[in-house]
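Colleague: Sequence:
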Amino acid sequence: MKASVRALIEKELWALRGRPAQILSGLGTILFITFLTLVVPPTPLGSYTAQHQILSNPGLFGLNDKLIHLLGGWIVRFGLMVAQMPLVFGMVIYVTTYSYIANSFVSERINKTMEVLFAAPVSETDVVASKLITGAVFGVSLFIFAFLANTLAIEFIFHHCTGVWWRLTRGYLFLMAFFPPTFLSLSFPLALIIGVRGSKFLMASGTFVVFIPITLLILASQVSIEGYFRLIFWIALTSVLLAVLATLAARKMVNRLVFITN
2 MKASVRALIE
12 KELWALRGRP
22 AQILSGLGTI
32 LFITFLTLVV
42 PPTPLGSYTA
52 QHQILSNPGL
62 FGLNDKLIHL
72 LGGWIVRFGL
82 MVAQMPLVFG
92 MVIYVTTYSY
102 IANSFVSERI
112 NKTMEVLFAA
122 PVSETDVVAS
132 KLITGAVFGV
142 SLFIFAFLAN
152 TLAIEFIFHH
162 CTGVWWRLTR
172 GYLFLMAFFP
182 PTFLSLSFPL
192 ALIIGVRGSK
202 FLMASGTFVV
212 FIPITLLILA
222 SQVSIEGYFR
232 LIFWIALTSV
242 LLAVLATLAA
252 RKMVNRLVFI
262 TN
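The numbering of the sequence shown is this note's numbering, which starts it at 2 and goes up by one.
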């Protein structure tokens with residue numbers, strides 16, 4: 002790694018340490034959602050969706066008739082955490098990381114520090130790379146935390162009801178380990194484009210992509226669990242492709258003059 006990029010990453014990390022609320026907001030939201038799922042009764046739509054998905058193919062959830070019976074009333078929360086929470090956490094991680102990267106650019110512009118940076122021997126690529134790498138570390142850390150929190154909550158429910166530990170299924174790993182990171186990738190180019198060139202209105206508009214997984218959550222009760230997996234796969238794949246295209250577009254849009262004049 003170039004020394005200039007490493008120095009800029011250290012600067013970003015120090016700035017992030019000076020804004021603990023930004024870190025705690027993501028971690029706190031993940032813990033709050035996990036806690037709510039454990040203690041608050043699900044909505045009628047959530048209950049119907051979870052039961053519909055589990056009963057359509059129990060094997061994908063690592064269940065059989067005996068385990069379904071032992072789970073009893075907890076089966077709805079179990080189903081929500083296995084099949085629905087990965088999408089919810091994907092939205093939380095996307096919004097938090099997007100906000101961090103976009104606000105990082107805005108802060109540089111407001112504090113007039115971008116001019117100071119460019120007085121040093123650094124390029125636009127170095128500045129962009131440092132912010133995106135720091136954002137990636139931030140987003141991946143949130144993802145790991147969400148994965149652990151959700152998995153431990155599932156294990157708590159399962160062991161409490163059945164007396165044995167739940168074995169993570171390929172379906173769960175697909176949902177939890179595939180969707181949030183791929184959806185997260187979309188935050189980098191959008192935050193770059195909007196953070197450098199956009200207004201406050203445009204910054205807010207970058208959060209509207211979360212309606213993609215929200216729509217899928219609503220549709221979940223209308224499709225089979227296999228169809229649900231296919232939809233998530235195509236949404237995740239599309240997110241990656243859009244991220245690549247947007248990154249290529251951003252590379253042409255971002256230059257030293259834009260950084261300074263905006």
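Read the hints as simulated data drawn from the structure, not as lab findings. Some clues are possibly wrong.
[As the list claims (entries may be wrong)] Derived SDA-like pairs (lysine to any residue); straight-line CA-CA distance at most 25 Å:
| hint | residue 1 | residue 2 |
| --- | --- | --- |
| 1 | Lys3 | Val138 |
| 2 | Lys67 | Leu249 |
| 3 | Lys3 | Arg168 |
| 4 | Lys67 | Thr170 |
| 5 | Lys12 | Ile158 |
| 6 | Lys67 | Arg171 |
| 7 | Lys12 | Phe175 |
| 8 | Lys67 | Ala130 |
| 9 | Lys67 | His53 |
| 10 | Lys3 | Leu25 |
| 11 | Lys12 | Arg168 |
| 12 | Lys12 | Trp166 |
| 13 | Lys12 | Ile24 |
| 14 | Lys67 | Ile219 |
| 15 | Lys3 | Leu249 |
| 16 | Lys12 | Arg171 |
| 17 | Lys3 | Ser142 |
| 18 | Lys67 | Trp166 |
| 19 | Lys67 | Leu169 |
| 20 | Lys3 | Trp235 |
| 21 | Lys3 | Thr170 |
| 22 | Lys67 | Gln52 |
| 23 | Lys12 | Leu32 |
Values in this document were obtained by computation on a predicted structure and should not be read as measured data.
Colleague: If a hint holds in the structure, say so; if it does not, say that too.
Modeller: We went through each hint and held it up to the structure:
1. For the hint pairing Lys3 with Val138, the CA-to-CA distance comes to about 18 Å; that is within 25 Å, so the pair holds.
2. Our distance criterion of 25 Å between C-alpha atoms is broken by Lys67 and Leu249, whose separation comes to about 52 Å.
3. A threshold of 25 Å between alpha carbons decides the hint, and for Lys3 with Arg168 the separation of about 43 Å lies outside it, so the pair is violated.
4. Annotation: proposed proximity of Lys67 to Thr170 holds, straight-line Cα distance about 17 Å (limit 25 Å).
5. Taken as a hint, the Lys12 and Ile158 pair is broken in the structure, with Cα atoms around 42 Å apart against an allowance of 25 Å.
6. Between the alpha carbons of Lys67 and Arg171 the distance comes to roughly 21 Å, so the proposed pair stays at or under 25 Å and holds.
7. Distance check on the hinted pair: Lys12 and Phe175 sit about 35 Å apart at the alpha-carbon level, beyond 25 Å; violated.
8. For a cut-off of 25 Å, the pair hint linking Lys67 to Ala130 is broken: about 52 Å separates their Cα positions.
9. With a C-alpha separation of about 18 Å, the suggested pairing of Lys67 with His53 holds against the 25 Å cut-off.
10. The straight-line distance between the Cα atoms of Lys3 and Leu25 is roughly 30 Å, outside the 25 Å bound, and the hint therefore fails.
11. For the suggested pair Lys12 and Arg168, the alpha carbons sit about 42 Å apart, so the restraint of at most 25 Å is broken.
12. A C-alpha spacing of about 43 Å is found between Lys12 and Trp166, which places the hinted pair above 25 Å, so the restraint is violated.
13. Distance check on the hinted pair: Lys12 and Ile24 sit about 16 Å apart at the alpha-carbon level, within 25 Å; holds.
14. Straight-line distance between C-alpha atoms of Lys67 and Ile219 comes to about 29 Å, which puts the hinted pair past the 25 Å bound.
15. Between Lys3 and Leu249 the alpha-carbon distance is near 22 Å, which keeps this suggested pair within the 25 Å criterion.
16. Simply put, Lys12 and Arg171 have alpha-carbon atoms about 40 Å apart, too far for the 25 Å limit, and the pair is violated.
17. The straight-line distance between the Cα atoms of Lys3 and Ser142 is roughly 23 Å, inside the 25 Å bound, and the hint therefore holds.
18. About 14 Å separates the Cα atoms of Lys67 and Trp166, which keeps this hinted pair within 25 Å; it holds.
19. Taking the CA atoms of Lys67 and Leu169, the gap is about 18 Å. The hint holds against a cut of 25 Å.
20. The suggested pairing of Lys3 with Trp235 is violated, with an alpha-carbon distance near 36 Å, which exceeds 25 Å.
21. As the CA atoms of Lys3 and Thr170 are separated by approximately 41 Å, the hinted pair breaks the 25 Å bound.
22. Of the pairs offered as hints, the one joining Lys67 and Gln52 holds, with about 16 Å between alpha carbons and a cut-off of 25 Å not exceeded.
23. Between Lys12 and Leu32, the direct Cα distance comes to roughly 28 Å. Violation of the 25 Å bound is thereby established for this hinted pair.
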